[in-house]
Amino acid sequence: MALTAMWTHGNAVIPETPELLNECKRFGFGTQVKLKRNTKQWFHVPMPTPVFLGGARQKLKRIFILSNSTAGNECITRVHIFDNNNLIADRGVFICGNRLTISSSNTILMDHTINFGLSVTMFIDAVFDVTFFFAGFGADWE
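Taking the working numbering, the leading residue of the sequence shown gets 1, the next gets one more, and so forth.
These are calculated hints, taken from the structure and not from any lab test.
Not one of these hints is a red herring.
Derived DSSO-like pairs: lysine-lysine, alpha-carbon spacing no greater than 30 Å straight-line:
id, residue 1, residue 2
1, Lys61, Lys40
2, Lys25, Lys40
3, Lys36, Lys25
Label-pair restraints from in silico Cβ distances:
id, residue 1, residue 2, range
4, Phe128, Gly55, 49 to 55 Å
5, Lys59, Asp125, 28 to 34 Å
6, Arg57, Arg37, 42 to 48 Å
7, Gly117, Asn11, 16 to 22 Å
8, Asn98, Pro50, 28 to 34 Å
9, Gly92, Arg37, 21 to 27 Å
10, Glu23, Arg57, 36 to 42 Å
11, Leu87, Lys34, 27 to 33 Å
Yeah, the Cβ is synthetic: ideal placement off N, Cα and C, and Gly gets one too.
Construct the complete structure from the given sequences, taking the supplied hints into account.
Structure representation (structure tokens):
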């Protein structure tokens, strides 16, 4: 079966609780957020979803999160993957520092047929004031 890749730009990221941020700026090249010290924040990204290609339902194989944080110890520590309103994956991750290229540390392996629409949700627990930059989010389908 052929592999299909689809991406969402980083300026599509949505903070769940904007009042917990010192700043949220969208640019042509992504979104920069400044988290307040001692806050916990979820960020959501809607993803293009090829439910059917060539008459066949598609399986989600991989998700990529391209981001950068100013502090190496402030990380994306949890990722939820939703198919519409159904949680299909809850992964503990450590996506820290400069992760603006694809690597094993910012790739989440999947093997799930998607029925409706894909959403990627990321959790950051900010112990210190920290700046995060979101550049893009990708998904491989088969």
